[in-house]
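Chain by chain, the residues run as shown.
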Amino acid sequence: MRKAFLTLLVALTPALAQFDWLSNLDWGGISNNLNKVSQVLSCDPSSLAQLDFSQPSLVLRGVYRVTKCVLCTTLKMCGLPDDMLYPASWGEIQGALSRGQEVMVVGSGAGVEALARYLGLILHGGGCQNISYGGVPIYTCPPGGIRIPKAYIVTDGKTARKLEAELKEAVKEGLLKVVAVGGERDAPELSGVILGLPILWAGGKGYLFAPGYSTPDRWLWLTPDGPVSNKVALVMRLATSYVVSASRRQEEVK
Amino acid sequence: MRRFAVLLLGSLALAQGPTYEDWTKYLLSAPDYRLEQVLKGKWPYLEVLRKDRLRDYQGGATTLEAQAHEFYLPLSSLEATREVARDLRKAWQRFEERYYWRVITELNNPAFWFAYCLAGVKGPELNPPLPDLKLMVPSEGVDTAFLQAATRSSPLDMGRWASAGLHKLDRYLPVPQVDPREFCDDLGMQILPLMYIPGFKVLVQGYEVFRTPGYPSRPFWFNEAEANARVERAMQKAFTDYYADYLKDVAKALLTPRPSTPQDLLSLLPKDFKSLGSPKVYLPVPWQGHLLGAGGVVAPVYTELFPTDLTALWDQVQAIWNTYKGLIDRAGTEVEKAYLYVHFYRSAKTLFDSRAFLGLPGVDALKGNLENLVNAPLRALTGAIPVLKGCAGDLDRVVSCAATALMTLDQAVKAKGEVEKLTGGKPQNEPLKAKEAPGLWKYEEAKRWLPPSSLPVYEAFGYATFFQGTSFLEVTTVPDIRNVDLSQVNLGNWMGWAWSQLSRLVVYWHTPLTIDIRVEYCPPCVIAYPSLPLEGPAQPLGVPPYVLPFSLERTHWRWVSVPEGYEVPGVRGAPYTLVSDLSAYALDLRALYRPLLGR
Chain A
100 MRKAFLTLLV ALTPALAQFD WLSNLDWGGI SNNLNKVSQV LSCDPSSLAQ LDFSQPSLVL
160 RGVYRVTKCV LCTTLKMCGL PDDMLYPASW GEIQGALSRG QEVMVVGSGA GVEALARYLG
220 LILHGGGCQN ISYGGVPIYT CPPGGIRIPK AYIVTDGKTA RKLEAELKEA VKEGLLKVVA
280 VGGERDAPEL SGVILGLPIL WAGGKGYLFA PGYSTPDRWL WLTPDGPVSN KVALVMRLAT
340 SYVVSASRRQ EEVK
Chain B
7 MRRFAVLLLG SLALAQGPTY EDWTKYLLSA PDYRLEQVLK GKWPYLEVLR KDRLRDYQGG
67 ATTLEAQAHE FYLPLSSLEA TREVARDLRK AWQRFEERYY WRVITELNNP AFWFAYCLAG
127 VKGPELNPPL PDLKLMVPSE GVDTAFLQAA TRSSPLDMGR WASAGLHKLD RYLPVPQVDP
187 REFCDDLGMQ ILPLMYIPGF KVLVQGYEVF RTPGYPSRPF WFNEAEANAR VERAMQKAFT
247 DYYADYLKDV AKALLTPRPS TPQDLLSLLP KDFKSLGSPK VYLPVPWQGH LLGAGGVVAP
307 VYTELFPTDL TALWDQVQAI WNTYKGLIDR AGTEVEKAYL YVHFYRSAKT LFDSRAFLGL
367 PGVDALKGNL ENLVNAPLRA LTGAIPVLKG CAGDLDRVVS CAATALMTLD QAVKAKGEVE
427 KLTGGKPQNE PLKAKEAPGL WKYEEAKRWL PPSSLPVYEA FGYATFFQGT SFLEVTTVPD
487 IRNVDLSQVN LGNWMGWAWS QLSRLVVYWH TPLTIDIRVE YCPPCVIAYP SLPLEGPAQP
547 LGVPPYVLPF SLERTHWRWV SVPEGYEVPG VRGAPYTLVS DLSAYALDLR ALYRPLLGR
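Those sequence lines, one after another, are chains A and B. Each residue of the first sequence is one higher than the one before, starting from 100 at the first, in this note's numbering. Each residue of the second sequence is one higher than the one before, starting from 7 at the first, in this note's numbering.
Excised from the complex, chain A in its bound form (with noise of 0.2 Å):
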């Protein structure tokens, strides 16, 4: 019996950690919470009532820097990096696309077409060109060349339609797949469900396309950094061969 009893105890011990951890948040009392409201009050909470929502990477910074300075006041969990997504220079992703790999985008929206139209005109040989966005000259001749075996683009049935009558050759040439999402037709609603944010996985590395996150000549692209990198890549290789297969599908419906 006594036995039966400590095992129990022993095993309910993180369990009950975790309750305790969360019990000091103190959810009912008043006099308490008043210290630990001007603590939340120190992490400037008002911040949030003052983001700039046209730039959606600074609004995810902005809930973050908040979310992980309550975090630290209030329950004691400091242990969480500065950011999450930390700038990439354009030279990082270029040397991530000469690295010889398949290359995937993700997302909709005009970030979605300047992407596909720069790796349509690589993939093409379509030489030299400065693609602008938002009227940013963004996109250098990448110096030592880009080698990649294939490129995948998913996006919403609209811009897919819009993008493979672009980018006609280098799709007839098997370099560039797109896969679109929903029906035959257009469907703009889709941004709301897929992230507005596009999404670039080259050479082993997610990167957000980030236009906004600051001025556009400084940086416009983020990535994850050390070990977070590595989970998402895990996450994001899986998601390649699992758009390799929808492509083949979408072959299959054709």
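Calculated from the structure, these hints are not laboratory results. These figures come from a predicted structure and were not determined experimentally. Treat the hints loosely; a few may be bogus.
Claimed, not checked - With a Cα cut of at most 25 Å, we get these calculated SDA-like pairs of lysine to any residue:
no. : chain 1 : residue 1 : chain 2 : residue 2
1   : A       : K353      : B       : H75
2   : A       : K249      : A       : G302
3   : A       : K353      : B       : L55
4   : A       : K257      : B       : K140
5   : B       : K373      : B       : L316
6   : B       : K343      : B       : K427
7   : A       : K249      : A       : H223
8   : B       : K420      : B       : E27
9   : B       : K243      : A       : G325
10  : B       : K57       : A       : A264
Place chain B on chain A using the hints.
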């Protein structure tokens, strides 16, 4: 000058009218809602057409493809499709729980292994509520001319995917809501390697003299390599096994008819009008299947077979009227407002005159209500528009006269005749009838905003609502970081969001220590003993990736209404076909439905 040119171009674009012949392909046509057939043991169904194949067929093509241009889709009940939607949610919730708890249990092995895998600590079962019906009007299925006209003055609410934002748990609890066996498979107790050396502080006579850096939130030393390896192993497991189970659950929920044998289905059919009710049945039709790159799974739905409650029926007719009026007020001209009255009256009259209602007490009152609704405003318009001036007499005669007059006007518009004279100076640039679109196109397009209903209402108003399921590739986190509406973050929605996020952080729980050194009278000696610190017995330490990433396909669902003779949105390929990846679920549904439909 330039502004003028832009205006001119704009008005030209508006005057172009609808272009159905260019883009429609999957058409809803010829439904069979006859209730007397239902009473004879035939399931109600509707027919859809592949327009391109039909054209080939009419052109004399004899290929198998051209012959397979029409398909029969049995109707399901709305309630049953909501249950399917719930199962889709539940499948997601199961995956979400298994994913997180596998990672956290493997990372915190052996402590959590003892708690969950051995002792089986577990919260309440997942039990998502029935998802609400939310109608969506996919702009992909509406002609641009109508959309432009309807959104000219102000943006229009087109609804969202009913599933948007629902891929989450209903409650984020600090205990798993699935059976621990679901995520403890192949997981043994693991004591070595050592995960951490606890952080500590040293007290002498109650006064603190030393604490390790970062105490109490950081341990003195943490085995980061092992923590990373554990998380990665667990994620691998979740994505190879648990995600595959999610796909299986989804395919099963979407593609299995409920009930699944013809006998059970037929036994649900009533034998007389009074007991028609709304048999709870889900009869899916794969349109290539729901997987990414394939297409969708659809099921046309009814709320009930026959509306027995006449008060509710009148409320419904009035709701239809309000939706209609709102849309035609936005998108229609003065003349088109007149035909709204004409055709609404005709449809509603057809409904109340249908044989099913014959002799039912209270139907006459409904007819009276309808006359009251339409009479005065329609007569006011017939007085104001010259082409309708001759229309007089009782309401039925006014209506049929107005319908004929409007067709005269339509011909004048198409022949670019003296339209102004007929409309009394009111502009009418677009035709009332469009090529390859039955009925009056604006009136028909507005039906996409009508809610699911009973068979007689569908029949009289000429539309049907479909349930659709399909997969998208989503790059996000678990729980979905986007579940806070980024267009308006406030303290209220941030709190809920932050709670869901922080209760699912990837953390390692470690225990800091206090080493208390005291001089005691025992006879005088120094005693040092470790104890749990006041800061709490266990401290969370974030481990990369902190939040769980997800970038695979997830299945979404929605309800859309389709006018008869118009495009079914969100599909491609042909009904009753499945991509090869779904062949494991390939019940021959056509064979199952054939005895039900009689064709």
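Hint by hint, here is what the structure shows:
no., hint, verdict
1, A:K353 with B:H75, "16 Å, holds"
2, A:K249 with A:G302, "12 Å, holds"
3, A:K353 with B:L55, "17 Å, holds"
4, A:K257 with B:K140, "24 Å, holds"
5, B:K373 with B:L316, "11 Å, holds"
6, B:K343 with B:K427, "18 Å, holds"
7, A:K249 with A:H223, "11 Å, holds"
8, B:K420 with B:E27, "16 Å, holds"
9, B:K243 with A:G325, "21 Å, holds"
10, B:K57 with A:A264, "23 Å, holds"
Going through the hint list in order, the structure satisfies each hint without exception.
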